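Visitor: So the protein sequences, as listed, match chains R and G. Going by UniProt numbering, the first sequence opens with residue 1, and the numbers climb by one from there. Going by UniProt numbering, the second sequence opens with residue 1, and the numbers climb by one from there.
If you are wondering where the hints come from, they were derived from the structure by calculation, not from laboratory data. None of the values given here were measured: they were computed from a predicted structure. One thing to keep in mind: the hints can contain errors.
Far from chain G, some chain R residues (derived; all Cβ distances over 12 Å) [unchecked claim]:
#1 Y6
#2 E22
#3 S26
#4 C62
#5 V86
#6 I90
#7 R91
#8 G93
#9 L96
#10 H98
#11 K105
#12 E110
Restraint ranges, calculated between C-beta atoms of paired labels, are given here [what the hints assert, rightly or not]:
#13 K27/R with D37/G: 30 to 38 Å
#14 Y31/R with G229/G: 26 to 34 Å
#15 E45/R with E31/G: 33 to 41 Å
#16 G194/G with I90/R: 26 to 34 Å
#17 Y267/G with K27/R: 25 to 33 Å
#18 E320/G with M81/R: 48 to 56 Å
#19 Y267/G with V106/R: 52 to 60 Å
Just so it is clear, CB atoms sit at the ideal spot from N, CA and C, and this is done for glycine as well.
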Amino acid sequence: MQKTYYDPADLRKFGKISDWNEELGSKFFEYYNAVFKEGKLSEREKSLIALAVAHTVQCPYCIDAYTGDGLKRGITKEEMMEALHVSAAIRGGASLVHGVQMMNKVNKLEM
Amino acid sequence: MIKSLHKRESELANSNRQVEILSNGIFQNGELPKFKDKIAETGQFPLKAKKLEILQINVGYMCNQVCEHCHVDAGPDRKEIMTRDTMRQCLEVIKNTGAHTLDLTGGAPEMNPDFRWFVDEASKAGIKDFIVRSNLTIIRANKKYYDLPEFFKQHNVHVISSMPHWTKGKTDKQRGDGVFDKSIKALQELNAIGYGMPDNDLRLDLVYNPSGAYLPGNQASMEKDFKKGLSEEFNIQFHNLFAITNLPIARFLDYLIASENYEDYMYSLVEAYNPAAVKSVMCTNTLSISWDGYLYDCDFNQMLNLPVNSKVKHIADYNEELLDGRTIMISQHCYGCTAGAGSSCQGSVT
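Let's have the full structure, built from the sequences with the hints guiding it.
Guide: Put into structure tokens, the structure is as follows:
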């Protein structure tokens with residue numbers, strides 16, 4: 001029995017999720033591949049968004065995948081870190097903006 | 001500066017050991033299919049040579065740089081250099097072959113003491129595309145090389161140069177400290193005499209190799225990014241960018257093993273296998289000649305000491321009829337040329 005929840009080698013098996021539901025699996029991958037194609041945004045921009053989101057949802061598979069993808073596209077480590085700070089800022093901001101709710105509540109309850 | 005595998009007396013300096021590594025492990029236990037079996041799935045085994053189009057001559061392994069990923073294991077300590085006698089034998093073939101491209105490589109080909117004589121003579125043969133693979137820094141390495149851009153221009157040489165990135169950090173990490181600044185200077189000098197300019201026939205192309213254990217991205221997108229980066233920052237122009245996959249041999253193999261990336265890298269090559277790239281791999285229309293005149297299907301096979309499968313083994317005995325249609329020598333490193341859009345010395349093949 002595997003002793004850890006995550007195994008880097010499992011990333012290679014991602015495609016196998018279709019084995020137990022071919023129809024939905026195929027639809028998902030078709031959609032996934034279409035999303036990352038060049039559109040109004042470049043593939044490079046989408047790769048950086050994916051990397052930032054991967055850190056937000058804390059998915060180790062996605063972090064591995066989109067770090068590698070970024071390197072393939074010539075994205076520098078400085079650009080990657082800058083994208084992560086966007087993720088961190090939104091995540092931190094999401095906590096802090098709720099402070100307004102806390103302040104509203106305090107103001108309502110206090111004399 | 002790092003040292004060559006030969007200088008370090010690494011076991012990987014022995015090409016047989018490299019072929020052994022590429023044939024065993026994950027390819028021996030069935031975890032990954034051997035290249036031979038993979039191409040057989042689409043009826044492409046055995047791979048056969050077609051009509052010769054490109055003659056690639058390696059004039060020596062000596063180089064002023066010691067790049068981390070070098071498949072030649074080139075460096076200042078390598079003394080294998082083509083003699084003028086062997087060059088004469090090559091010239092005989094160049095004059096009589098129907099190949100449209102002559103491709104001089106190394107090491108740094110310019111370091112061969114007979115390089116200029118050879119270029120002078122070879123340029124008289126009327127070959128359509130005469131390529132010299134210049135590492136750029138050689139142009140700034142020593143006063144005796146300062147006039148190389150002008151020399152290339154006089155002989156209408158097509159210059160192809162390596163440039164791993166448009167930023168200093170990534171370039172110097174792969175190719176050595178100071179390489180980026182010298183390369184930029186050399187590119188500006190080439191531009192100044194017309195090389196790489198949009199409306200000029202003096203061809204200047206760049207080669208991109210990934211600086212690590214990953215495959216190159218889309219060649220067209222990379223070219224766009226390189227053009228933007230080099231033009232905005234340094235006002236540098238070039239024609240095309242060739243994205244080349246690092247093949248798991250020599251110093252790149254050494255790096256993959258030392259960094260524990262070997263198996264993952266081989267997985268990524270096999271997963272990216274593209275059967276459509278097989279029919280255009282460069283070994284089918286290229287002949288690679290080593291510094292001592294021996295014949296190989298490609299420069300990579302030369303470094304792995306996998307000579308052509310033909311009665312003709314040496315340039316002195318060159319016979320196009322006997323070489324056409326020969327069976328190409330393959331091993332697992334060949335996955336590097338069939339991954340994704342495919343890879344060759346002229347970039348993607350599909």
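Visitor: Next, verify each hint and record whether it holds.
Guide: Here's how the hints hold up against the structure:
No beta-carbon of chain G is positioned within 12 Å of the beta-carbon of Y6/R; the least distance is around 15 Å. For E22/R, the non-interface assignment is confirmed: its Cβ lies about 20 Å from the closest Cβ of chain G, beyond the 12 Å cut-off. The claim that S26/R lies off the interface holds: its Cβ sits roughly 18 Å from the closest Cβ of chain G, which is beyond the 12 Å cut-off. With 12 Å as the threshold on Cβ separation, the claim that C62/R sits away from chain G holds: the shortest Cβ distance comes to roughly 16 Å.
Residue-level check passed: V86/R sits 20 Å from the nearest beta carbon of chain G, beyond 12 Å. A cut-off of 12 Å between C-beta atoms confirms that I90/R is not in contact with chain G; the least separation is 26 Å. Every beta carbon of chain G lies more than 12 Å from that of R91/R, the smallest distance being close to 28 Å; the non-interface claim holds. Even its closest Cβ contact with chain G, about 30 Å, leaves G93/R beyond 12 Å, as expected for a residue assigned away from the interface.
With a closest Cβ-Cβ approach of about 34 Å to chain G, L96/R is found to remain outside the 12 Å limit, as its non-interface label requires. For H98/R, the requirement that its beta carbon stay farther than 12 Å from each beta carbon of chain G is met, with the minimum near 39 Å. At the 12 Å boundary, the C-beta of K105/R stays outside the reach of chain G, the nearest C-beta of that chain being 49 Å off. For E110/R, the shortest C-beta to C-beta distance to chain G comes to about 54 Å, beyond the 12 Å cut-off, and the non-interface label holds.
Under the hint 30 to 38 Å, the C-beta atoms of K27/R and D37/G, about 32 Å apart, fit the expected range. In this structure, Y31/R and G229/G meet the distance hint of 26 to 34 Å, their C-beta atoms being roughly 32 Å apart. For E45/R and E31/G, the Cβ-Cβ distance of about 36 Å falls inside the hinted range of 33 to 41 Å, so the restraint holds. For G194/G and I90/R, the hinted distance range of 26 to 34 Å is not satisfied, since their beta carbons lie about 49 Å from each other.
Restraint check, Y267/G to K27/R: a C-beta distance of roughly 26 Å satisfies the suggested window 25 to 33 Å. Checked against the hint of 48 to 56 Å, the C-beta distance between E320/G and M81/R comes to roughly 55 Å, which is consistent with it. One distance hint, 52 to 60 Å for the beta-carbon pair Y267/G and V106/R, holds here, with the actual separation near 56 Å.
Checked against the numbered hints given earlier, this structure breaks only hint 16.
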